[in-house]
Amino acid sequence: MSQFSDRIPLPPVDAQTTNLTCHFCIVGCGYKAYKWPRQQEGGPAAADNALGLDFTRPLPPLAACLSPAMVNSLRDKQGQDWHVMIVPDKDCVVNQGQASTRGGMMASLIANGQGVSASRLTSPMLHGGGNWRPAGWEEAIALYAGLTQRLLDAEGPDALLFNLFDHGGAGGGYENTWATGKLIFSGLGTSMVRIHNRPAYNSECHATRDMGINELNNSYEDAELADVLWSIGNNPYETQTNYFLVHWLPNLQGNTVAKKQARFPGETVGPGRIIFVDPRRTASIAVAEQAAGRDNVLHLAINPGTDTALFNGLLTYVVEQDWIDREFIAARTSGFEAAVQANRLSLEECSAITGVPVAQLQQAAEWSYRPKASGHRPRTMHAYEKGIIWGNDNYRIQSALVDLVLATGNVGGRRGAGVVRMGGHQEGYVRPPFPGGRPAPFVDEAVIAGQGRMLTAWACDAFRSTLNAQQYRAVVTKRAAIVREAIDQARGASTAELIDILFDAVTNKGGLFVTSIDLYPKPIGEIGHLMLPAAVPGEMNLTSMNGERRMRLSEKFMDPPGIAKPDCLIAAEMGKALHALYTQAGNAAMAARFAGFDWESEEDAFNDGFRQNESELVTYERLRALGNNGVQLPVQGLENGVLVGTEVLYTERFATEDGRARFQPAPWSGLLPIAQAQKDKYPFWVNNGRVNELWQTLYNDEHNPARMARWPATLVEIGTADAARLGIASGDLVELYNDYGSTQGMAHIEPGIREGQVFMMAMGRQGVMGDLATTAVDENVLPYYKGTWAAVRRLGDAAYSASVTGKSRHY
Amino acid sequence: MTLSRRNFFKLTGLGAAAAATPGAFAQNAAPGNAGALGYPVQAIARLDALVVNQPVDFAYPDAASACQLLRLGHAVPGGIGPQQDIVAYSILCPHMGCPTSYESSSRRYKCGCHFSVFDPEMGGQQVIGQATQDLPRVLLELAEDGSIRAVGMVGLVYGRQSNVQFQEVSA
Ligand code: SF4
Ligand code: FES
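As given, the protein sequences belong to chains V and X, one line each in that order.
Here numbering that gives the first Met the number 0 is used: the first residue of the first sequence is 0, the next is one more, and so on.
Here numbering that gives the first Met the number 0 is used: the first residue of the second sequence is 0, the next is one more, and so on.
Please note: incorrect hints may appear among the correct ones.
Simulated restraints on C-beta separations [unchecked claim]:
1) V50(X) with S345(V): 55 to 63 Å
2) Q252(V) with N52(X): 25 to 33 Å
3) A708(V) with Q82(X): 21 to 29 Å
4) G72(X) with I562(V): 53 to 61 Å
5) S373(V) with N52(X): 46 to 54 Å
Residues from chain X that keep clear of chain V, each with C-beta distances beyond 10 Å, as calculated [unchecked claim]:
6) V40
7) L49
8) V50
9) Q53
10) L71
11) G72
12) G78
13) S103
14) G111
15) S146
Calculated from the structure, these hints are not laboratory results.
Glycine included, C-beta positions come from ideal geometry on N, C-alpha and C.
Hey, can you work out the whole structure from these sequences and the hints?
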């Protein structure tokens, strides 16, 4: 926590200033980190502080986004005391000086040994004799690499399981994805890898990519230029906050009309409209209605899992109405006729399946696709997120959506358009090819089936982020306990002896050796054997890109706590150790697979990874020069030494061999059967997602008293009538259960929630929505997390109502 | 440096409605006050004049800091008075300083700039929103003569380095 509650010290004009992209969501807001000696302070006059703000009088509204949570202090390893302030950057085009409540707390989280950061891992930890004890890197890496080598030699790479981040921002980024990919794919060669939030190593966007369209294909500015914004299975106020507030709302409020006129002369323009596709009335819908007026907001409250039918009905309708872009279809696509044929669904059928009245479907189509008064086709941007990605057959829904977008010409360089995922984390992916093919192995099922000997959870925790999670936790815990028992018997064992004992426990006794590499002890690490301490942006240099492919360098301004290290350098230590072990064993071929890890810094990892594989032109120095605005990938070249990027993709060619985007047939085929079986049996649909004040798995938040005061338990939103029927009040503890598991959360009555539905925060600590998630997956093993049905009952009054507000979260 | 009351209205956007109720603004505390941590003590309103769910405007700890006093009709966290139902808050949104407004039907403070919502019946807790702190609370006490007095604050008012930095400024 920040040590300040009612006072803000100001940075002096000469405070050290570095750029920092927010650790958290895809938006990647730009921040400035100021650091200055604790005994100094800037003056209140604008000229006397680094913020250039005049504190000789109270600031007018909107002059700054600054609070005590944005300041903190620390003592460095040399014993020097510093103040640190982390504030949103006014000059960053992404957030324009605004912080969300998540990014706004970054200074409160810095590793100063106090508050939130008191829980950070500061050294490797080994479990033995019933306890955790600190270990040095040498011992920890020797053990890890030694056991890895034994298993690799005896059983081959697939004995080694990894739960692995693939994103940008904290716990990710180009340096770290590259280093881990080089170690795990090129070095170890295992295919038994799954991604941080799902049970296999797959893309959340296979379909759109197969159609020739990467999922991040426009710019945030396109949301300012669109006639209509579609928000599909997506709640942007709570999940991409500043993208929504800074770029969508001005359009809805009519503040970008002049910009549209200037860009599109002769074309009818006006304030933007918005269409939400979501079974739930969300906080975003309430905000949009306030900003745009109810008449300009359409909420298509579809029945859960029926998105494919929705897009197919609309496609059929726009073809009938001839609101399609025939020129574009002819010049730039293939497969149109076959898709129209396969996806054909009348508006009446569509309405019957989706539950959306025909009139609303027509209204949506008229807004979005009927030519405007000037004769131009509307510029319609389609944005989607987990409603589709975790939806009923990811591949099919995404195909159906992109078919509609292609038919109406709303992708491929047109401004104010695009078909984009909104994103969760920032991105920052560069890895050698995954050795596992497609569909990738269903790793979490393999673990449950007793496969694998060694599991490394790298910056993620499957205990909170998989389907069938209760069983997964139970099996991993049981298998880990076998190894713990063996270690406990190994009194006084050297590292070499311990490796023998571990090898026996995992190969002969069904054990699983569990390593967690993370900032904090995590539930999956706490039942395991080895924890390795990692670092976050600011403690290391790190590059990532945001939802418009804007790449920035987050600069290091402080050390990681204790002897914690950047993930890329942890991977390098492992690689170097394996290289040495194989060299020693005289196995040159294997040693060669672990060559090239002699990195001193994260910049070395960047140069080896991003620059060799993506763009040689991008250097730390060139990125630093571009500050928080960075460059939009892909890089086109250099102009006067400055990197030039790409605002919008596919202005001429799509990413297919012939350059044409491909329509893909995607007929409506009902719910995935496993999910349908739960639906038939249980009364409540359990929707899930993020909550505004919390970040994802709560890895910082659960240690932050300010956050836990607001959210002491996992949110379960329930409607008024259902709550009354079940005798549930806001603040009550409720249980949810089905054939897969049971979990619990804190009830919150939200009047907009429909009967027979609840919404649960996705990745709570005490309440894990995945405990209820079935094993239904699409053809690429993408889970249907949203396809969950359960029963709900009141457990009792947990006294939350005395300290937690029960008021509506809708503006 | 001094701040006039006119500036206060300009800064907070409270406008004419608030200006028309000068009774809501009690006299500032005398210098050499007895409030918490150097805060002034300031009478705001009389207990018997408060109407449930009708906010009373005042400024505290100085003329540039718009606050509201609320009587809620039932005991709430931090509430004072015989029913422990009287609370007061800064009404400047702790996100970026826009004036919040009280919605009496839902008993919530709402900010129209970035849609943060706060609950006066739960210590000013942020219900949803982008601030990194709850609504700053005014600490109150009930004097023997039946007047309600502000004696301090918890949480930093938007737009300043410290709450008491302008307290010598009078209206
Ligand atoms: S909107 Fe996202 S990137 Fe921006 S400050 Fe909030 S969490 Fe960080
Ligand atoms: S100023 Fe109130 S929400 Fe931003």
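Q | Hints that the structure is at odds with (numbers, increasing) | A | 14
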